Each structure stands twice: as C-alpha cells, then as structure tokens.
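What follows is each chain in one-letter form.
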Amino acid sequence: MANGENIETTPAFHGPKVPAPRGAAPFQWERGFLTAHSWLVYFFLYAPIVVLIVLSFNDGRHAANWEGFSFRWYAKLMENKLLIKSVKNSLLIAGATTVLSTIVGTLAALALARFSFRGKGGTQALLFLPIIIPEIVLGAALVTFFGTVEMRLSIWTVILAHMVFTVSYVAIVVRARLSGFDRSLEEAAMDLGAGPLETFFRVTFPLILPGVVAGALLVFTLSIDDYVITSFVAGVGSTTLPLQIYSMIKVGVTPEVNAVSTLLLLLTIIMIVFAQRLQQAPGEPGEKK
Amino acid sequence: MKRCLTIVSALVLGLGLLTGCGGKRDEKVLNLFIWTEYLPDSVIQKFTERTGIKVNYDTYDSNEALLEKLQSGVADYDVVCPSDYMVSILVSEGLLQKLDFTQLKNFGNLEPKFLDQKFDPKNEHTVPYFWGTTGLGYNKQKLPGVVDSWAVLFDEQYQGRILMLDDMRECFVAALKLLGYSLNETDPAKLAQAAELLKKQKGLVQTYNSGDFAGLLAAGDVDIAHGYNGQLAKVVAEAPDKLAYIMPKEGGTLWMDSLCIPIKARNVAAAHLFLDFVQEPEINAEIVNAMHYASANGAAKAHIDPAILNDAAIYPASETLAHCEFIEDIGDAVTVMDKYWTEIKAQ
Numbered sequence: 001m002a003n004g005e006n007i008e009t010t011p012a013f014h015g016p017k018v019p020a021p022r023g024a025a026p027f028q029w030e031r032g033f034l035t036a037h038s039w040l041v042y043f044f045l046y047a048p049i050v051v052l053i054v055l056s057f058n059d060g061r062h063a064a065n066w067e068g069f070s071f072r073w074y075a076k077l078m079e080n081k082l083l084i085k086s087v088k089n090s091l092l093i094a095g096a097t098t099v100l101s102t103i104v105g106t107l108a109a110l111a112l113a114r115f116s117f118r119g120k121g122g123t124q125a126l127l128f129l130p131i132i133i134p135e136i137v138l139g140a141a142l143v144t145f146f147g148t149v150e151m152r153l154s155i156w157t158v159i160l161a162h163m164v165f166t167v168s169y170v171a172i173v174v175r176a177r178l179s180g181f182d183r184s185l186e187e188a189a190m191d192l193g194a195g196p197l198e199t200f201f202r203v204t205f206p207l208i209l210p211g212v213v214a215g216a217l218l219v220f221t222l223s224i225d226d227y228v229i230t231s232f233v234a235g236v237g238s239t240t241l242p243l244q245i246y247s248m249i250k251v252g253v254t255p256e257v258n259a260v261s262t263l264l265l266l267l268t269i270i271m272i273v274f275a276q277r278l279q280q281a282p283g284e285p286g287e288k289k
Numbered sequence: 001m002k003r004c005l006t007i008v009s010a011l012v013l014g015l016g017l018l019t020g021c022g023g024k025r026d027e028k029v030l031n032l033f034i035w036t037e038y039l040p041d042s043v044i045q046k047f048t049e050r051t052g053i054k055v056n057y058d059t060y061d062s063n064e065a066l067l068e069k070l071q072s073g074v075a076d077y078d079v080v081c082p083s084d085y086m087v088s089i090l091v092s093e094g095l096l097q098k099l100d101f102t103q104l105k106n107f108g109n110l111e112p113k114f115l116d117q118k119f120d121p122k123n124e125h126t127v128p129y130f131w132g133t134t135g136l137g138y139n140k141q142k143l144p145g146v147v148d149s150w151a152v153l154f155d156e157q158y159q160g161r162i163l164m165l166d167d168m169r170e171c172f173v174a175a176l177k178l179l180g181y182s183l184n185e186t187d188p189a190k191l192a193q194a195a196e197l198l199k200k201q202k203g204l205v206q207t208y209n210s211g212d213f214a215g216l217l218a219a220g221d222v223d224i225a226h227g228y229n230g231q232l233a234k235v236v237a238e239a240p241d242k243l244a245y246i247m248p249k250e251g252g253t254l255w256m257d258s259l260c261i262p263i264k265a266r267n268v269a270a271a272h273l274f275l276d277f278v279q280e281p282e283i284n285a286e287i288v289n290a291m292h293y294a295s296a297n298g299a300a301k302a303h304i305d306p307a308i309l310n311d312a313a314i315y316p317a318s319e320t321l322a323h324c325e326f327i328e329d330i331g332d333a334v335t336v337m338d339k340y341w342t343e344i345k346a347q
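Same order as they appear, the protein sequences are chains A and B.
To convert, note that position 27 of the first sequence is 27 in my numbering; the numbers rise steadily by one, no gaps.
To convert, note that position 89 of the second sequence is 89 in my numbering; the numbers rise steadily by one, no gaps.
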C-alpha cells in the first residue's frame with residue numbers, strides 16, 4: 001500500500017540507536033552509515049511529495065517545467081466545481097467509512113479475542129479474505145451484487161464497498177492490541193462495582209485505543225485513495241477525488257491536481273498529529289507503546 | 001444456527017431499507033455521465049434556469065468505465081457520452097434507448113456529413129456532440145521544414161525525439177495510412193507490412209504515452225507527438241509560434257463522442273430536453289467557445305469564435321477530413337494486430 005507512511009503509530013524515528021560499542025572508531029563509522037541510510041530512506045519517501053507541493057505553486061500549465069511562483073492553480077481549483085465536489089465526496093466517504101469500519105472492526109476483534117464459538121476459525125479466515133482478494137475481483141463482485149439486489153449505485157454503495165475491505169484491517173490491528181491485554185484490570189473494575197458498559201468505556205476502551213486509532217487511520221487512508229473498487233461501485237453524485245483525477249488525465253494533468261493533493265496532504269498531516277496527541281493523552285492506566 | 005438466521009435477515013432488511021432510500025425517483029433531476037471538461041457550468045446553469053431541472057454531473061475516464069457502469073444495471077444516469085466504437089458496443093448490448101426525434105427540434109442544426117455513421121447508421125440512438133482527429137503535434141523550431149506526413153514519425157533523423165500514443169489501434173493507423181491503406185485494414189499481408197514499419201520505428205521512439213503527450217511536447221521533452229487533437233490544440237494555442245498540430249495528408253483517425261440515453265434512464269423526458277437544449281445554435285456555440293472542441297452543429301458556426309473555427313487543430317480542412325476514418329471493429333484481425341503489438345512492445 002502506497003500510504004504506509006501515513007499510518008505510523010509509533011513515535012517518529014529519533015535517530016539511530018546502536019548498542020554501546022567497544023571501540024570508538026567502529027561506533028563513528030556505524031553511526032555515520034546509519035544516519036546516511038536513514039536520510040536516504042526519508043528522501044526516497046518524501047522527495048516525490050516535496051516535488052508535488054513545489055510544483056503546485058508553478059505558474060505554468062504543465063507540471064514538468066517551472067515558470068515562476070503563483071497561487072494561480074489554487075485560485076483555479078476553487079472555481080472547479082467538479083473537483084471541489086469530488087473532494088467533498090472523498091472526505092464524506094472516507095469519514096463515514098472510518099467511523100463505521102472502526103466500530104464494526106473493533107467489535108469483531110473483541111468477539112474473536114474474548115469468545116469461542118462454533119465457526120470461529122472460519123470467521124477469522126474469512127476476515128482476512130478481503131485483504132487478500134485482488135481489488136478488481138472485489139470491485140466486480142460488489143457491482144454484480146448491487147446489481148442483483150437492485151441497489152442503485154450511489155454514495156452509499158461506495159461507503160459499503162469501502163467497508164468491505166477496511167473492516168478487516170481494523171479487526172486485525174485491534175486484535176493484535178488485545179492479544180497482550182491483561183484481563184485482571186477489567187475484573188478489578190467490576191470488583192469495584194463497575195457495570196459491563198462502564199468497564200468497557202473506562203478500562204477496556206482506553207487500553208485498546210491506540211489500536212483503534214491506528215485502525216481508523218488505516219481505514220481513512222485506504223478509503224480516500226481507493227480507485228479500483230470505487231470506479232466499479234460509484235454512481236450518481238459520488239465521483240471521488242481519485243476518479244476525478246483519472247478523468248482529468250484525458251484532457252491533460254494541470255497543476256490543479258498538485259494543488260488539491262497538497263491541500264489533502266495538509267489535512268492528512270493535521271489528522272495524524274491529532275491522532276498521535278490522542279494516543280499520548282495522559283491520565284490513563286498502563287503504559288503506552 | 002438460529003442466531004445465524006437472525007443476522008442474515010437483519011442484513012437483508014438493512015439492505016432493503018438502504019435500497020429503498022436510494023431508489024427514489026425525482027422528475028426534477030437529470031443525471032449526466034460524461035467526459036470531464038465537456039460542458040461549461042454556464043450552460044448547466046442556463047438549462048436549470050429554463051427548465052427547473054437540477055443537473056448532476058459525474059465524469060468517467062474511459063469508454064470502458066462507462067460500459068461497466070451501464071452494464072451494472074443500477075446506475076441512474078439519464079445522459080451519457082460514449083465515443084464512436086463504444087456506441088456500437090452499447091447498442092449491440094441493448095444498453096441505449098431509441099431517441100424520440102419529435103422531441104429533438106434542433107436535430108436539423110447538425111451537419112449531415114456527421115450523421116448516419118457506421119456506428120449508428122440511422123442515428124436512432126445518438127446525437128453527435130464533439131468530434132476530432134488523431135494527428136501530430138510538433139515543435140516548429142526543431143522541425144523547420146514542411147511537416148505534412150506520417151513519414152516524420154518514421155524518420156531516423158528524429159531518433160529519440162518521437163512520442164507515440166500507447167494505443168495499438170492508433171499506432172497501426174499511422175503505419176497503415178503511411179502505406180496508403182485503410183485504417184480498418186484486415187488483410188494479414190498489409191497488417192504485416194504495417195507491423196514491420198512499427199517494429200523498425202521502435203528504436204526511434206522515446207516513449208509510448210497516452211496520458212501526457214501534450215505536456216511532454218510543450219515541455220520540450222519530445223519534438224514530435226502523436227496524439228488527440230483536443231489536448232494538442234490547447235498547448236498549441238498557448239505557444240503558437242513554437243508548436244503546431246497537423247492532420248497528415250494521408251489522413252488519420254476521426255473520433256466522435258455522441259450524447260445518448262441509457263435504456264435504464266429514469267428521467268427520459270428531461271434527457272430529451274437536455275439533448276435538444278445543447279443543440280440550440282447559441283448554446284452549442286457557447287459550449288464550443290468554452291471547451292475548444294469541434295461540434296457537429298452547423299447552425300452554431302455563426303456564433304463560434306472565428307479563431308476556433310479557423311484553428312486547423314480544432315476544425316481541420318474538409319479535404320484533410322476526406323481521408324479520415326473512424327476506427328471500427330475489425331473482428332479477428334484485431335488478434336493478429338495484438339500479436340504484432342505484443343512483439344513490438346516486447347522488443
């Protein structure tokens with residue numbers, strides 16, 4: 001997945017950590033090598049994004065050559081009703097998918113971790129399936145299904161389709177968080193008189209929150225950049241940003257696309273900073289990783 | 001087991017409810033599904049002002065995407081805009097309605113030479129909207145001589161400066177036309193000749209690109225670009241002393257996008273109103289002036305900006321047009337072509 005860098009949940013890399021060396025010379029060498037290597041990795045990840053942002057301020061019509069600084073494309077973007085509408089659609093769909101998938105996925109993870117029931121193994125295997133199935137197959141299957149049940153293609157079919165492949169991610173991430181869960185904390189809460197709901201919201205949920213947030217971020221990024229499945233199931237009034245960008249390619253890509261990507265990137269960064277704040281929120285029992 | 005049944009029935013019920021909400025039919029809404037940059041907002045506004053019908057505008061990126069959507073049977077589009085070859089496919093799949101010409105008073109504004117094409121012989125399903133050509137864009141500073149033939153694409157002195165569309169049929173058009181054949185040629189011997197030319201040409205081609213050919217030409221990355229006239233006309237208009245677009249004298253591809261009404265359209269009356277509205281001379285001219293594509297509407301010419309009418313990249317001369325053809329379904333010959341194309345691309 002192209003958005004791996006957006007879903008980091010551990011604190012950012014603070015420089016190479018190497019075990020205490022015996023002699024000073026190899027230490028220096030290793031350190032230098034690792035620093036260079038880290039910079040190279042960061043360069044590889046972020047250079048294309050920097051180029052994209054810089055070119056969004058390009059005065060020329062073509063992305064390739066620089067013709068001076070201007071906000072021209074941002075102004076043009078604001079007039080492009082179709083593009084604005086597609087951004088709104090994308091945000092609405094990604095937002096709704098995130099909320100719904102996170103709830104369903106978290107509940108599924110809890111059920112799988114806590115209870116044993118008939119067909120549990122099968123359920124777990126089925127949960128992995130939407131991740132493994134090629135998107136194009138899932139897209140074709142979904143549109144055939146919607147056609148069979150006579151469900152009109154709209155923003156709702158897109159949200160449902162996005163839920164199909166994102167619920168699994170949340171379930172897996174939250175499940176991993178639950179595997180190290182100390183159930184005696186819940187028992188203690190109940191001993192002290194908390195009901196099941198109160199126990200969940202004041203003890204269980206805060207403890208699995210980092211997993212839930214990581215899952216939600218994953219869902220948001222997957223949903224907002226999905227092209228293949230969306231192109232199958234989008235209907236009236238639900239053209240998303242990736243669909244709109246692809247359709248603009250027919251008449252040539254202008255820096256408008258760079259401008260809208262830059263704005264979207266800004267939004268994503270704000271979201272990630274917000275999510276990390278949430279995970280580091282004080283006043284919760286237990287340590288955070 | 002009982003639990004399972006409860007869950008399944010709840011799901012079905014939920015789906016049913018959602019379907020119910022989505023299935024509402026509205027007489028005052030028209031759902032358009034067409035290419036991007038094909039219709040200015042001002043025209044949509046005028047249509048809404050006059051008829052009170054709200055227009056939803058969705059875009060697609062390929063004819064195949066449109067086909068998939070209509071095949072699903074649950075896409076509520078009232079007006080679509082397929083290209084020539086896709087019209088034949090949509091008609092043969094039974095996905096388009098026959099138009100009611102008593103409701104299309106402005107159909108008479110269309111030039112007869114654009115009607116009754118092979119993809120819809122009696123125009124029962126289509127009203128021509130935009131048309132254009134696939135030709136050559138080139139850099140006048142780098143190619144100072146007369147450029148009027150597909151031969152430049154096969155000229156060794158431009159090695160590494162040539163861009164070809166990443167499209168099998170279009171590349172074969174260039175070779176077939178240079179050899180003096182029809183672009184819908186099916187004779188294996190003639191196809192082999194064309195393939196031989198394209199194989200030799202591969203060493204001269206810098207890149208095969210269907211997405212950003214105009215941008216690469218404008219940026220100076222290539223000096224000759226094989227491409228669709230719409231995008232090339234835009235870059236030529238921005239740098240008229242540097243760039244030019246021509247349709248080679250041998251002729252080339254003609255394309256045409258037409259407005260149609262899908263069989264499952266929900267608001268057929270509004271769709272006819274819209275089809276008629278965009279063929280009003282003033283409205284049609286407003287569309288052409290904003291979008292820089294050629295329209296098949298003859299009556300609109302009086303209102304179209306003369307600069308656009310005289311731009312050979314948009315409205316080519318009629319003698320050039322005489323040698324141009326639509327790309328048609330060539331049946332099994334396409335398999336032969338496909339084999340050659342794979343060989344060329346794998347070289």
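There may be inaccurate statements among the hints.
Stated by the list, open to error - What follows is a set of in silico ranges between Cβ atoms, one per label pair, in the way DEER data are often shown:
#1 150(A) / 298(B): 36 to 46 angstroms
#2 166(B) / 68(A): 30 to 40 angstroms
#3 36(A) / 42(B): 38 to 48 angstroms
#4 339(B) / 49(A): 15 to 25 angstroms
#5 242(B) / 263(A): 31 to 41 angstroms
#6 273(A) / 124(B): 21 to 31 angstroms
Hints listed in this document are in silico derivations from the structure and should not be mistaken for laboratory results.
Owing to the predicted nature of the structure, the values given are computational and were not obtained by experimental measurement.
Here a beta-carbon is modelled for each residue, glycine too, at the ideal position from N, C-alpha and C.
Assuming the hint says 15 to 25 angstroms, is it satisfied by the Cβ distance from residue 339(B) to residue 49(A) or not? 41 angstroms, violated
Would you say the C-beta atoms of residue 273(A) and residue 124(B) sit inside 21 to 31 angstroms of each other? This hint is violated: roughly 59 angstroms between Cβ atoms.
Residue 36(A) versus residue 42(B) beta-carbon gap, inside 38 to 48 angstroms or not: 56 angstroms, violated
Could you check the hint for me, namely that residue 150(A) and residue 298(B) are 36 to 46 angstroms apart, CB to CB? Distance hint for residue 150(A), residue 298(B) holds at roughly 43 angstroms.
When you take the CB atoms of residue 242(B) and residue 263(A), is the distance between them in 31 to 41 angstroms? Holds - the Cβ-Cβ distance for residue 242(B) and residue 263(A), about 33 angstroms, lies within 31 to 41 angstroms.
Hint says 30 to 40 angstroms; check whether the CB-CB distance for residue 166(B) and residue 68(A) agrees. 32 angstroms, holds
Hint compliance for this structure: hints 3, 4 and 6 are broken, all remaining hints hold.
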